[in-house]
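*Asks:* Can you make the complete structure from the sequences, with help from the hints?
Number of protein chains: 2
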Amino acid sequence: MTEEAVRVPVDKLRAFAHATFERVGVAGEDAAVAADVLMASDLRGIESHGVGRLKMYYDWIKKGIISPQVRFEVVREGPTTAVVDAHTSLGHPVAHRAMSLAIAKARPYGLGAVAVRNSSHYGIAGYYALMAAREGMIGLSFTNARPSVAPTFGVEPILGTNPIAFACPTDEEFPFCFDAATSITQRGKIEVLAREGRPTPAGWVIDRRGDLATDTTAILQGIPKELYALLPLGGAGEEMGGHKGYGLATMVEILSAALPSGAFLWALSGMEKDGTPRPHRLGHFFLAISVEHFVPLSEFRSTVGGILRELRAAAKAPGQNRIYTAGEKAHLREKEVLARGVPLTPALRKELEPVAGELGIPLPW
Amino acid sequence: MTEEAVRVPVDKLRAFAHATFERVGVAGEDAAVAADVLMASDLRGIESHGVGRLKMYYDWIKKGIISPQVRFEVVREGPTTAVVDAHTSLGHPVAHRAMSLAIAKARPYGLGAVAVRNSSHYGIAGYYALMAAREGMIGLSFTNARPSVAPTFGVEPILGTNPIAFACPTDEEFPFCFDAATSITQRGKIEVLAREGRPTPAGWVIDRRGDLATDTTAILQGIPKELYALLPLGGAGEEMGGHKGYGLATMVEILSAALPSGAFLWALSGMEKDGTPRPHRLGHFFLAISVEHFVPLSEFRSTVGGILRELRAAAKAPGQNRIYTAGEKAHLREKEVLARGVPLTPALRKELEPVAGELGIPLPW
Chain A
1 MTEEAVRVPV
11 DKLRAFAHAT
21 FERVGVAGED
31 AAVAADVLMA
41 SDLRGIESHG
51 VGRLKMYYDW
61 IKKGIISPQV
71 RFEVVREGPT
81 TAVVDAHTSL
91 GHPVAHRAMS
101 LAIAKARPYG
111 LGAVAVRNSS
121 HYGIAGYYAL
131 MAAREGMIGL
141 SFTNARPSVA
151 PTFGVEPILG
161 TNPIAFACPT
171 DEEFPFCFDA
181 ATSITQRGKI
191 EVLAREGRPT
201 PAGWVIDRRG
211 DLATDTTAIL
221 QGIPKELYAL
231 LPLGGAGEEM
241 GGHKGYGLAT
251 MVEILSAALP
261 SGAFLWALSG
271 MEKDGTPRPH
281 RLGHFFLAIS
291 VEHFVPLSEF
301 RSTVGGILRE
311 LRAAAKAPGQ
321 NRIYTAGEKA
331 HLREKEVLAR
341 GVPLTPALRK
351 ELEPVAGELG
361 IPLPW
Chain B
366 MTEEAVRVPV
376 DKLRAFAHAT
386 FERVGVAGED
396 AAVAADVLMA
406 SDLRGIESHG
416 VGRLKMYYDW
426 IKKGIISPQV
436 RFEVVREGPT
446 TAVVDAHTSL
456 GHPVAHRAMS
466 LAIAKARPYG
476 LGAVAVRNSS
486 HYGIAGYYAL
496 MAAREGMIGL
506 SFTNARPSVA
516 PTFGVEPILG
526 TNPIAFACPT
536 DEEFPFCFDA
546 ATSITQRGKI
556 EVLAREGRPT
566 PAGWVIDRRG
576 DLATDTTAIL
586 QGIPKELYAL
596 LPLGGAGEEM
606 GGHKGYGLAT
616 MVEILSAALP
626 SGAFLWALSG
636 MEKDGTPRPH
646 RLGHFFLAIS
656 VEHFVPLSEF
666 RSTVGGILRE
676 LRAAAKAPGQ
686 NRIYTAGEKA
696 HLREKEVLAR
706 GVPLTPALRK
716 ELEPVAGELG
726 IPLPW
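Heads up: the protein sequence lines correspond to chains A and B, in order.
Here the first sequence stands for residues 1 to 365, numbered as in the working numbering.
Here the second sequence stands for residues 366 to 730, numbered as in the working numbering.
Check each hint, because a few of them may be wrong.
Here are the simulated SDA-like cross-link-like pairs (lysine to any residue), alpha carbons at most 25 Å apart as the crow flies [what the hints assert, rightly or not]:
no., chain 1, residue 1, chain 2, residue 2
1, A, Lys350, A, Glu77
2, B, Lys681, A, Ala263
3, B, Lys681, A, Ala202
4, A, Lys316, B, Gly640
5, A, Lys316, B, Lys420
6, B, Lys420, B, Glu556
7, B, Lys694, A, Lys63
8, A, Lys316, A, Gly45
9, A, Lys316, B, Asp576
10, A, Lys63, A, Glu191
11, A, Lys55, A, Lys350
12, A, Lys273, B, Arg677
13, B, Lys590, B, Leu577
These aren't lab readings, by the way, just hints derived from the structure by calculation.
*Replies:* Spelled out as structure tokens, the structure:
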């Protein structure tokens, strides 16, 4: 983050995002969910998925790629399962309802799972996993995404960054929350580097010759043209386990596309062959596991806490004085952002000014 | 594999493994399952978990670390869930019964999950995921394992290699099957290198100073003494996503230990403080997802097949002429091993000779 970043209070920024979604046709309650997901991202330090993406959603709604009026059609339902067609609606409120449904099913039966098709970007996967954690459950959240990642031995960006999120309660003051792309990095992180004018670390991205690429601007412009591809977790080839990241991404694709019978891989590009924008038709999969059906919640909480504390107490590598567990950095960041506000770079403020102008919303900074 | 490897027919080797398990007290049907899991590993080319580990199980049963008589006590049960205490029984038949139970629950309800505590090594995680795939379901299989992997920023081998396996049916002649440790590699792979007298690739293992280690013999001897640690998928530090492999490993630890209220991390070392062997008390977690509760199975099969074929058709990196999908190499290997037999190195044959001698079983080669 550069020195020129301005800190904006979370509530003011949330109100701005909420108003933006409402003015482009999202109903009040759905706009509140979408704004809350963006705020949760900035609070957790995942700036790649925070208010920095507000203009992206705004543009897509204006272009008709995302439908602002949320449709949530349950096309099939069983005691613990449901399949939902979202009819290209805004992803965040769709995902919120889907995870709520999975949680409601898990409460009596122990498990609940909802698969969604024809949705759009839902923001951070962890948001929905955390909904289950707050209900004393384990939550898992998966989504496919626009093509940007090469399979092992390939150079074409055909897979999405296909994240896996897993959250659960602990006996500490914040939940365990793992939330990560199955690629080494994701487009949002490279967008953050672009806003900061920084190069991309060697090892994250390859070009069509299979060589490592570091030119951030060229990469962002080139991925939709299939000139660059992100690498799966584990990197190129198999020696360092790149086939594992690739396999996990495929698993997420199957859960997100095959279970709800939705679109997959190239069909998620958001573009017709001639470059005309069209809906991304993403799919999601949500799973809620009711802890109380297995063990008393207090017992589960203390086992998880015990695992986390034992990990943190392990011997540190030279030069390192702390081992973190998943969700811990986000928790520390949340405290800091709540106190000091969300940092907005000059580039991001400049990007949002015309949006505010067009919609007649006062700028929050 | 060296040139001196002898090829032994699968059925002869299976009978040998079956007889070995039976002679040390495992009941016939359970011995058959354990032998089948070892054979499935060798057939799929996962030699690290095949008959090369028969002596390990033999030793552990003789030392009392593993109880050959299988106990499968369901301590808690709901419509879709169960918790099982395995009382330090042999892991393969325990896991087989647990996944069978998860599948039986998923059939009427759509989902089924079974968490197991106080078990032992269950072989390849994928074996149990594949059981669900054969029933027209998605299967997931997780287990924790002996401490051997360092958390991000740590050097102590505190986490297990904690694999994730995911299998499902497709419209092709073999199922999709992802089965991988959440570390870059696992101990079994290094054991294979040791049997072949080869060094360990730089990047898989660190020493207590955080430096990369490649001396295979020293590594295998040093891991139980906590002198070396495997690295999580993504490698050391965070830049290439090492925290993601570490986070996935922690997720598997929570599913395998906190849901069944079992042992975790250091407690799985299999040794008292003074080095006396004791049961590992591993935990497992199995999930079955009935495809038919979401979409017609034939539709699911063809969507998955479509995903896999689109991946394989992506542009190849220079020097590569093929992109594989998870389970494909195993399928090719299976055909080859069925036709030619399981390759056994001289070191492995030498290791098994005294076992056969002690038990009075004829050698299968």
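*Asks:* Are the hints correct? Go through all of them and say.
*Replies:* Structure-based check of each hint:
Between lysine 350 (chain A) and glutamate 77 (chain A), the direct Cα distance comes to roughly 46 Å. Violation of the 25 Å bound is thereby established for this hinted pair. A C-alpha spacing of about 23 Å is found between lysine 681 (chain B) and alanine 263 (chain A), which places the hinted pair at or below 25 Å, so the restraint holds. Proposed proximity of lysine 681 (chain B) and alanine 202 (chain A) is supported: the alpha carbons are some 20 Å apart, at most 25 Å. A distance of roughly 24 Å separates the Cα atoms of lysine 316 (chain A) and glycine 640 (chain B); the hinted pair therefore holds under the 25 Å criterion.
In summary, the hint linking lysine 316 (chain A) to lysine 420 (chain B) is not supported, as the alpha carbons are separated by about 35 Å, beyond the 25 Å threshold. Proximity of lysine 420 (chain B) to glutamate 556 (chain B) is assessed by CA-CA distance (about 13 Å); at most 25 Å being required, the pair is judged to hold. For the suggested pair lysine 694 (chain B) and lysine 63 (chain A), the alpha carbons sit about 44 Å apart, so the restraint of at most 25 Å is broken. For the proposed pair lysine 316 (chain A) and glycine 45 (chain A), the alpha carbon gap of about 24 Å is at most 25 Å, so the pair holds.
Note on lysine 316 (chain A) and aspartate 576 (chain B): the hinted pairing holds, with a Cα-Cα distance of about 13 Å set against a maximum of 25 Å. Simply put, lysine 63 (chain A) and glutamate 191 (chain A) have alpha-carbon atoms about 21 Å apart, close enough for the 25 Å limit, and the pair holds. Pair hint lysine 55 (chain A) plus lysine 350 (chain A) holds up; C-alpha atoms about 11 Å apart against a cutoff of 25 Å. Only pairs whose Cα atoms come within 25 Å are accepted, and lysine 273 (chain A) paired with arginine 677 (chain B) is accepted, the gap being roughly 21 Å.
The hinted pair formed by lysine 590 (chain B) and leucine 577 (chain B) meets the criterion: a straight-line CA distance of about 17 Å does not exceed 25 Å.
Hints 1, 5, 7, counting from the list given before, are not met by this structure.
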